[in-house]
Amino acid sequence: MNTFNYNQALTVDDALASVYAHPDAKYLGGGTNLIDLMKMGVEHPTALVDVTRLPLTRIEEYWGGLRLGAMARNSAVAIHALVRRRYPVLAQALLAGASPQIRNMATVAGNLLQRTRCYYFYDPSYRECNKRNPGSGCAALTGNNRIHSVLGGSDHCIATHPSDMAVALTALGATVQVKDANEERSIPIADFYRMPGNTPHIETSLKAEELITSVDLPAPPGGTAHYLKVRDRNSFAFALVSVAAIVELDDRKRIRSARVALGGVAPMPWRSLEAEQVLTGGEPTEATYRKAADILMQDAKPLRFNGFKVELARRGIVRALTTAAELN
Amino acid sequence: MNAENEHSDNQRDPTRRTFIEAAVLISGAAITTPVLEAQTEQALPGLRRFSLTINQVRHDLDLEPKVTLLDLLRERLQLTGTKKGCDHGQCGACTVIADGERIVSCLALAVCYEGVDIVTIEGLERGGQLHPMQAAFLEQDGFQCGFCTPGQICSAIAMLGEAKKGMPSAVAHSVSPAEPVELTEPEIRERMSGNICRCGAYPNIVAAIRATERS
Amino acid sequence: MPTSIGQPVVRVDGRLKVTGKATYTADHMVPNLAHAVLATSAIARGRMASLDTGAAERVPGVIAILTHRDKLPLAKDPTKVAEGAPADRVLQLLQDDRVLYGNQPIAVAVAETFEAAAEAAHLISAEYREETPHIRIDQGLKDSYIPKKAGGAGDPGESHRGEFEPAFSSAPVRMEEIYSTAFQTHSPMEPHATIAVWNGPDELTLYDTSQGIFGDRKRVANLLGLDVEKVRVVSLFVGGGFGSKGPSWSHTLLCAMAARHVNRPVKLVLRRPQTFGPVGFRSATQQTIALAAESDGRLVAARNQTITHTSTFDEFTETATFPTRMLYSVPNNTTTQTLVRSDIGTPSYTRAPGEAPGTFALEVAMDELAVRLKMDPLEFRLKNYADRDEDKNLPWSTKSLRACYLRGAEHFGWSQRNPEPRSQHDGHSLIGWGMATSVYPARRSPASARARLNADGTIVVEAGSQELGGGTYTIMSQIAADALGVPVSAVTFRLGDTRYPETPVSGGSQTAATTGSAVFGAARALRQRLFDLAQATSSSATLDDVVLANGTIALRGSGRNQPIQEFVMQTGQPYIEAQSSEKPGEEQKQYSMYSFGAQFAEVRVDADLGQVSVARMVGAFGAGVILNSKTARSQFIGGMIWGIGFALHENTVYDERLGRIVNNNLAEYHVPTNADVGSIDVLWIEEDDRLVSPIGAKGIGEIGITGAAAAIANAVYHATGKRVRDLPITPDKLL
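Protein chains in written order, with the working numbering: chain E, 4 to 331; chain R, -4 to 210; chain U, 74 to 808.
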């Protein structure tokens, strides 16, 4: 780990001022990803601004929805009664992620901003990684890409986004509240992450100094939800494929509305409005779900080792929708 | 039980500040060596002065901010019961309890934990009596090599606290707050999956936790 | 006096372990300690064109950056390995610019703090002249060969009896398939660590994570040109070894060399990623198995052609063919071990080396043939039960496999099994049952121990040995206590120091039989001395009449009773001591010695998503005298859980273009978590094998993993109807 300045901020203005004062400063949340990346030599900020003591830990009702303070711990969100009652898919997604210890440390904002687990990104001794070192190439394209994207990748990067929480937030249509010295703004989660294209090192639409202050959930969608995570072992592993599914049935037991978001298959949580339209009005049957799954996966570009994810994701989508609908 | 005790019986003086004495038994003879805790680091830039409360003892420290809680415990405070298994938050061997919650100390910068009450494996005994979880691990043989054990025990104690507060888990039938937490074997297994045990003591760890919970 | 052997005695070192006071290597407090961190290679084959240490040297607190340019002195060539030292490995000790595998040590950063050393190690930057590495088995076949000797006991690399070809081709029921297992990395929770303390220019104390302190001492002394007696190795607690801490690896020597160079004690702990490559692992195997049987199920021919990797610079054979040689009665049997030279670190002993992958392939093949024969897999095995070792042509010392099959099957409920695949469901889960045979050699080597009665009445027993989790402190205390007729609590057993009597490596499941026999011998010898000193020779008393209790020594039946202090002092010494060296004899040539077992597994497979969970396992073992039912159960269970990992999770993944391990961490190298383990029941058959050891014990550290992966794989087939012959069975293989 490199040497850095440390500053614990007690107010948002303090935090912003500290970050403006140091080029290459970074906000430090629970540290579960950033400290790890610093140990690996992937990140080397000149300064860390500890934002965990900011008054941004509350989880409260907000315009019919819920506001999750950016510094609320993942475990605090997962245990919160309103989250569990109104947004169970979010609690499930959080509980499927990492380990209890990590969830006690990691914050909402930190979880959103965690970086890919691509082997070639995470270890700087690999020369090629456009995300870490723009222009150096992508070792994963022809390397071991079993855990990589089948959707949304580019010739420059096929890394996946590792967050479970973000998948649920995508299904729920959350917005990310951010602030810098000049303005506060809301970024819909769908616009928060960026496709890799030829700039995979730019992962979000955050500006350099912007601080995430909260994640806001709109009023809960109708229906019932399920978060499915398929992984190589039963716990404490990143997703091969994950699915957040929310299904609402009408009086005639047809699908009134549905939402599906995927993790583990793309550079960001993956959602398709087209697929959700196919579900809307349909019978809650495997055939309907399969049709939606086919649409979600229609642009899949499997590589040498990750082809299985295409079919696994389709089956996962069908399973998650089935399970969610059965809870109606 | 035997002379191995002697090797770990380093003095742990609860009143010390930056000055500590380490009695190190090598070759069966005590060599008492004064070690100035921050001495070697005072030459280094960017030291930060802060204090931490560990096992109810306050430590005033001058440290580089990059020092993790784990390396502070092990390399500077002689609290070597907390283990470094992976140093990347992937094994749980370094689990300690911070304000009642289990965390991995390898990914925690010590400086971030000022004002937080830290409990390590060394802080669990009361008056020479094992904590019930320690006693249960001993009785149920909840370990083999013992290296992951301090982390397992700290994790298990905090896990029972989480369950008491109603924390759901990934194997719960439902996350609804109306569902009470029942620590079945699958529940305990899932909730203890942040602590890897390569010897495979898992069934006995689960048994130890169930025994503690019942008592 | 009730005996403690077989009792569920709580570990005597348990309190230290649950309180964090057990001292593992990196826990030792040493004054004036400097910290070292290795820098390792980013390529698998080539040369370093340049090595820039400037930035590393400028890190505040750095003491030295050591590279091949420093030409650190060695007394011997580290690329030479002594004959008859199967655990010695060729080491990479910064002697030249060559890179032979990924993660090879290329420099050592030494600093005042761990943080400074770690930062400096990161800043060491090498430029390479890279050559194309070869990792895949098919890439290297042109460089392949059959080793003359394979395995720790030096067995031949191939075996032949009868005529395989004609028997196979004329048999009515046959199968031939290729099975493969993945590179498996031991991943003990404690990373390898060394603290080197020079007590003078020619005297060294090493705290080392070692499964074999005497072998370690010899190798270190030899390479550094020191008198063996001037090197002391201490290893009081090892945080798991599984074979990985058997040999002396490069970092141990590098730590000692660095300490000598900076003239200070140095601690070097491998970073977790550095435990992938330079400190051994289990080679991947490719096993082509052919079996043939008569229609009644009698095996007539068996062949196992195994290909495994070794490094380009050293030789190690994963002896997967060995179970095929001896597990069943088969008149026509042929096996070959082929080694392929690859640009990898040298593979090494890994829990049940050979038998773990060997029983996977053989026991899945047996299941496949049972399906073709329409026979129950257990029935099929009983039909081919080997009443003697047909490979070595020797009788078994003991073999309780038949009882293991029957008792295990009964406990599991095997008779309820519907042989039809896909016949059991529960919601989305397919449920399957499988079984397989376990086998592992019962090994024993020479060992010494000493026992001492102090004037204050305390009893101290010492033997080098090691504690890696198997319960050495506890079982040795029990053996000594029973031999002396005292409670376990009366004995203090010490180990893990080369100042104690010499014992071999804790590997090959031999510690109980080996060190246990020496401890038994020493304790009995001490009792004999007490007996002699009590001048009891003329009476009709026997050794067992010497009674140590309540601070007195008594001779039962003689009325003689004397305070221990007085008794000891009259010898003119502060203690009475006896030492014993025990070694196996001719019986090892006259008998074939193995532990056997039977394992049964129930799996649940998600029918759509391919995720496999092991719901329950039953293991039944015949493994000699079980010294401590509590620790033995734990060790069997631990082995079976290794079987779960081997079957379902573990895979050290190489990027074949680069020759580097991409998942060199515990997040992506998946070992089982608590949630991956269902209920596990262990039972054992009463056995007392005095041919293996005078205490009747055989050793149990490794047998648990053997057969476990096959039982699980066979259960997956039974659940799904899909035969996966390539481990690990991850979800993608079942879609």
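In short, the hints are calculated from the structure, not lab data. From the three backbone atoms N, C-alpha and C, an ideal C-beta is built for every residue, glycine too. Each hint should be verified, as a subset may be incorrect.
Which residues of chain R face chain E? A few of them, derived with a C-beta cut under 7 Å, are [unchecked claim]:
| # | residue |
| --- | --- |
| 1 | His83 |
| 2 | Gly84 |
| 3 | Thr90 |
| 4 | Ala158 |
| 5 | Met162 |
| 6 | Ala165 |
Label-pair restraints from in silico Cβ distances [said to hold, decoys possible]:
| # | chain 1 | residue 1 | chain 2 | residue 2 | range |
| --- | --- | --- | --- | --- | --- |
| 7 | E | Ala20 | U | Pro104 | 38 to 48 Å |
| 8 | U | Gly500 | R | Lys159 | 28 to 38 Å |
| 9 | E | Thr202 | U | Arg247 | 30 to 40 Å |
| 10 | U | Gln489 | E | Arg61 | 47 to 57 Å |
| 11 | U | Lys806 | E | Thr283 | 29 to 39 Å |
| 12 | U | Thr205 | E | Arg188 | 27 to 37 Å |
| 13 | U | Ala128 | R | Ser210 | 24 to 34 Å |
| 14 | U | Thr205 | E | Thr202 | 27 to 37 Å |
| 15 | U | Arg689 | E | Arg307 | 34 to 44 Å |
Hint check:
| no. | hint | verdict |
| --- | --- | --- |
| 1 | His83 | 5 Å, holds |
| 2 | Gly84 | 6 Å, holds |
| 3 | Thr90 | 6 Å, holds |
| 4 | Ala158 | 11 Å, violated |
| 5 | Met162 | 5 Å, holds |
| 6 | Ala165 | 4 Å, holds |
| 7 | Ala20(E) to Pro104(U): 38 to 48 Å | 44 Å, holds |
| 8 | Gly500(U) to Lys159(R): 28 to 38 Å | 31 Å, holds |
| 9 | Thr202(E) to Arg247(U): 30 to 40 Å | 59 Å, violated |
| 10 | Gln489(U) to Arg61(E): 47 to 57 Å | 56 Å, holds |
| 11 | Lys806(U) to Thr283(E): 29 to 39 Å | 36 Å, holds |
| 12 | Thr205(U) to Arg188(E): 27 to 37 Å | 51 Å, violated |
| 13 | Ala128(U) to Ser210(R): 24 to 34 Å | 56 Å, violated |
| 14 | Thr205(U) to Thr202(E): 27 to 37 Å | 32 Å, holds |
| 15 | Arg689(U) to Arg307(E): 34 to 44 Å | 37 Å, holds |
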